[in-house]
Amino acid sequence: MSASSLGYNEQGGEAATEQGQEATPTTAPSVPAAFGLFSSDTKKNEDLKQMLESNKDSAKLDAMKRIVGMIAKGKNASELFPAVVKNVASKNIEIKKLVYVYLMRYAEEQQDLALLSISTFQRALKDPNQLIRASALRVLSSIRVPIIVPIMMLAIKEASADLSPYVRKNAAHAIQKLYSLDPEQKEMLIEVIEKLLKDKSTLVAGSVVMAFEEVCPDRIDLIHKNYRKLCNLLVDVEEWGQVVIIHMLTRYARTQFVSPWKEDGVLEEDNEKDFYESDEEQKEKDQKVKKPYAMDPDHRLLIRNTKPLLQSRNAAVVMAVAQLYWHLAPKSEAGIVSKSLVRLLRSNREVQYIVLQNIATMSIQRKGMFEPYLKSFYVRSTDPTMIKTSKLEILTNLANEANISTLLREFQTYVKSQDKQFAAATIQAIGRCATNISEVTDTCLNGLVCLLSNRDEIVVAESVVVIKKLLQTQPAHHGEIIKHMAKLLDTITVPVARASILWLIGEYCERVPKIAPDVLRKMAKSFTNEDDLVKLQILNLGAKLYLTNSKQTKLLTQYILNLGKYDQSYDIRDRTRFIRQLIVPNEKSGALSKYAKKIFLAQKPAPLLESPFKDRDRFQLGTLSHTLNTKAIGYLELSNWPEVAPDPSVRNVEVIELGKEWSVALGKAKKEKPTEKFYSDSEEEESASTTDTESESTSESEKEKNGKEEGSSMENSESSSEELSDSESESKEGSAKKKFKTTEESDSDDTEKKTKMISKKRESSGSSDSESSSTEESSSDSESESDSESDAESRKHKNAIASKVSSPIFVPMKTHELLHRMSGKGLAAHYHFSRQPCIYGNQMVSVQVTLTNTTDQKLENIHVGERKLPAGMKMHVFNPIEFLEPEESITVSMGIDFCDSTQTASFQLCTKEDHFNVNIQPPVGELLLPVTMSEKDFKTEQGMLTGMNETSTTITVAPQNSTRLVLLEKVVKAANLGVVPSGQDNIHRFSAKTVHSGSLMLVTVELKEGSTAQLIINTEKTVIGSILLRELKPVLSQG
Amino acid sequence: MRKSKDRLRNESPNQNPRGVTDPGASGPDQSLPRPFAGAGGGCSAEGGAAKARGASGTWCEPDRPGRIKLLQNRVLLGRQSVSSTCTPLGSTMIHSLFLINSSGDIFLEKHWKSVVSRSVCDYFFEAQERATEAENVPPVIPTPHHYLLNVYRHKIFFVAVIQTEVPPLFVIEFLHRVVDTFQDYFGVCSEVVIKDNVVVVYEVLEEMLDNGFPLATESNILKELIKPPTILRTVVNTITGSTNVGDQLPTGQLSVVPWRRTGVKYTNNEAYFDVIEEIDAIIDKSGSTITAEIQGVIDACVKLTGMPDLTLSFMNPRLLDDVSFHPCVRFKRWESERILSFIPPDGNFRLLSYHVSAQNLVAIPVYVKHNISFRDSSSLGRFEITVGPKQTMGKTVEGVMVTSQMPKGVLNMSLTPSQGMHTFDPVTKLLSWDVGKINPQKLPSLKGTMSLQAGTSKPDENPTINLQFKIQQLAISGLKVNRLDMYGEKYKPFKGIKYMTKAGKFQVRT
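Protein chains in written order, with the working numbering: chain S, 1 to 1039; chain U, 1 to 510.
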């Protein structure tokens, strides 16, 4: 192309592009430089468009890469929008990603076109791959197009219930985006936040708290129920989340707990250190006298759980914990943060800068905290100036009688620094030390006077200013120093210093009566050339001398006043006029001139040399506002402690049994299930990820083993987990109401209903655990429940007719000793059978072991060592326990497959140092799981188990046992049997299955006349049957 | 100095309308508000003024009074104000990121939400100009509508734009993490490299932040999401059309060990630990130690298959006064047993950094004898320094490097070193002497004269000498690793531990 074709360059360029496109799709056409910026740009874009429309992914990718490059450089690429948006559904994931990048950048500008892409995201939101779901949500919520707000809302709601915590995390992020796009959605979003706050995943916690802080930081009530959970999760949350959560919890704690500072408050007040001290606090203190302060356990929990985070490698986390301790911990405990803060000083200059600022604020109030680290704040010549001055500030704050001499020596080095700005700051610091510590005032003053002969003008000027302030605080006879300074007037040119000297001479003119007029004479000569600042002081000096020594200076002063009258600065003219009226008596002058001397030569209070960080503490430490010393947009005030703590019970949550928590830790090995039906399932997954990292390694190997075991009975494992989750949700919901609802719904006969009514009353009166209360009720209860879960269950049993495993009617509280504390060297262990279906394998009996540390030392690493199990028996041990505090106990659950025998399971219980041989022998009644069936089914089953499978005996029944309720109670106490509803009053039937093999175990008690009874047991497992028979006999015959 | 001037100006009567009060009186000193005082000195006066106007006034975006760029800014304003007014406040921690090179060009920008105009950086440039030196630029710069938080590394300013209150360390720490990630990805972090890999940079940044909130900052995870560019991969990608972008969620993201990727496989399983200690010290004129402390780190390079669980124990763990861990270290185990127990990330990482307090006596391995004198009368000064070993536990001190910032009055130096090379830059007045190894039999020295500017008086301070050195196979604190055990995997790894002592900020005042 030549210059002549300039007019057609547009078309020509395109033609060239096309040619180039055909040959090599990736190379850009060569554009003559003469075409100028604009034209070449559009042409490039044409080329990009074609590449985007090509069939080849590589061309598209190249184009997208170039476009992203343009965006990165800040060039406008918006006109490519239609071409780019077409590729949003690309199969190539990298192209897709880059399109996403583009969309997020330009969707706001091209809203109509952006809508074209929405359906793609909506589809992707349903993708089985969680990464794709998450990124679809991310992009969808980042497209700032108001029209799609409802779609976003829907997507967020769905994602917040997603199985994958990663998607839920993204949902939390999307909340903030939607809120900023459309604040109208606030209420709906708060609902989602509320839901996500309950999430137990560490991945979600940080993000949702962030969303909370953005959307509804005032809804502190949402935190109550989650407070303890957040405290406990904190260590495992990713570091960025930690920062956000800690800041939020700090705010929360300040509204919920009472001040822990009262004890030492008295001391603090005397020293005028405590800025929180107020009238309110005073009142509180009065109360305190009556009632000793006890820290709320939740308050303590927060303080305790944040402490390990001081060791974080992330400076922001350390700072967050430090500010938490500063604002929340008792003053005696806040000291532990100083070490970590000092450690941060090794970090990058930016981190240093922020940390030093915070330390400066802290060191004003509590010197003690940082005094031991004084030397860490020594200045190096290589520090940037801002770091130097911050360090100097801290050193000054820390100065006291004990360390001042070392400090002054250090300061002497600084004064000589080549960095003159810093040297000047040091002089100020010396001045502050001198006023604060009276012992060294004279030393400092002498030192500063020496500096007056320094060569550097800045240093001298600064010294003059500081000396002036010092002399004011010490109005003793410092005539010599003033004379010395008067001489300096000839050499010093820095206006501030000159002004200061003049002021000093004026102020103390009576002490230097000879020099003062002479100075005024000199100054009158140079008046016109002086800085405004100096001029004002000359006027001042003149006025003062006029009043004290009018004989010598009257003319001089009038000369100066005349000069001032015509000065350029109106400020000086004003001042001149004012002084003239005041001091020069004339007929018009008012009453004031009589007082002129008093006005000018009044005793002036000495200036307080204060730290510039003095007022910083009105801001929460570690915040941007604190750094800037001004309220930043969106700064949330830290409230004052409440006088009376709000109700602490709002933080109570239903206690989840220990056993469950331990058990879910192992549920992790399970695969994520494709159905979304069981919420409890996903919950398991979450809490699995919350388990301590400590237990991780060991549980890993166990899981593998567990996995193997499960593998053998794979088809059962799923349903067993369902059982688990069902029983869990039941125990969690726990509310009697719901339970009864289902009971009433179930079609049972009237008599039963009656008993239910009775037991209902009992339960509602609080004795839910009472033994006899609910045999009947729970049997029918379990029936109705098992109905609801029957679909999933039905394939499971061999005897599928009607028997379903039900929850135990009664769980005996009886514990058996596993290890006595004497033989266990202080470690005591008890076990009992929870009668729950075991979660580790459905052939196992679950055993709850309670370990107690009776020593006065920590027991560490409690775990199960070597096992001696009879052939076929299996055991699933608990996770090793990291440590057990003195007097603490912990309950863990194990699973043992006894192979339907009463053989003993022997194993070693080990601590870090010792191991003890222990064994568990199950009572035969614990080898069973109750099943429910109808009377009819029972009879059918019984009919099939006759002959060899039947054992029976005649027993005498104690009279008090003959009533129905008592009898049922006795039997289920002895063995884990389910009650079969019976039509006859004198026949009681119980059914169960063995845990290992699932064989039915049918027990019939037929009451006869004369307090005898026939006890019949039908089962394939004749051995167990006969043992059970033997065991039940005494139970019924004894009272 | 600016700060102090500010204060003095406030004190001066001309700012005090009451007039009667003398400058010495305490009144104005306390009562006059000093906006932004001490905020790093940055924008104090003008920033404050601008802020006031911005708040009351009509314009949304900053402009700077008395500047040539003013007009340009105004032009930009029209467009900018639209986007910034329709954005409600809040809701983003880090709004945008600008990368600025030392000559003041913005060479990369990334926005996580609506676009913030580049003109916001003018405030940064202003602060930069005022600070004269790059490292004096205040890390936090307020502007009327935004706050600029920056870090300076590898001669690049990483400037984050934020809109609302946020813990400043949060942003700063994140920016540093970004730099570390770039370094990890590309080997070096420089303007050229970033420009060359702009797409990867963009993809990485996209993953690191979502809506301004950090999403994935562990480099192990990021590398699974976006693979770092290597020559081989670039070639393969162009041939096969495969991509750098992972399509599976990194397993680490969901697990309790987010720092480690799964499915790690090596043929040679090895774990190396470097115990590196740095001595920070200030030595005074007479050679006595003013302050000395030891900062140590343990850097690890672990290339082990599977999910190894390592424990590292020390002979003398009590030495460690203050520690900070990589998140992988189990804190409770450390607290109770003083053992480092962890599942390591794959590759290089910093396991631990620790501090040996100043209370402990720190052995100073070198000494410097110096004789630097300026005479008032002549324009020549004497300069003589000798470096020698002190408490080195029999190890050789090597890599010795002496630098010193000479006073402005020094015009030139003519020196002769007994070993090594020396340079003096007459412009920056920086003297550096690369000594190398110290031979205790023949101590290295540098002698000669300085020529001073005629007519000026002698500098009142002798220069400070900064020292760098290295001692191999010695941890000066005496820290010793006892043993390293591995659990959870069957194979036997190769283990290695290296000790080294270095000078940190080691200064000798003369």
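Hints are not guaranteed to be accurate.
[To be verified] Straight-line alpha carbon distances no greater than 30 Å define the calculated DSS-like cross-link-like pairs of lysine-lysine that follow:
| no. | chain 1 | residue 1 | chain 2 | residue 2 |
| --- | --- | --- | --- | --- |
| 1 | S | K91 | U | K227 |
| 2 | S | K126 | S | K73 |
| 3 | S | K186 | U | K110 |
| 4 | S | K56 | U | K223 |
| 5 | U | K223 | U | K390 |
| 6 | S | K49 | U | K429 |
Just so you know, the hints here were simulated from the structure itself, not pulled from any lab data.
Worksheet item: Taking 30 Å as the top limit, are the C-alpha atoms of K186/S and K110/U close enough?
Response: This hinted pair holds, its Cα atoms lying about 28 Å apart.
Worksheet item: Hey, K56/S versus K223/U, does the alpha-carbon distance stay inside 30 Å?
Response: Holds, at about 27 Å.
Worksheet item: Holds or violated: K91/S with K227/U, Cα cutoff 30 Å?
Response: 19 Å, holds
Item to complete: Would you mind confirming whether the straight-line C-alpha gap from K223/U to K390/U stays at or under 30 Å?
Response: Violated - the C-alpha atoms of K390/U and K223/U are around 46 Å apart, more than 30 Å.
Item to complete: Decide if the proposed pair is consistent with the structure: K126/S and K73/S, CA atoms, cutoff 30 Å inclusive.
Response: 35 Å, violated
Worksheet item: Regarding the pair K49/S and K429/U, is the alpha-carbon distance no greater than 30 Å?
Response: 56 Å, violated
Violation of the numbered hints given earlier is confined to hints 2, 5 and 6; the remaining hints are satisfied by the structure.
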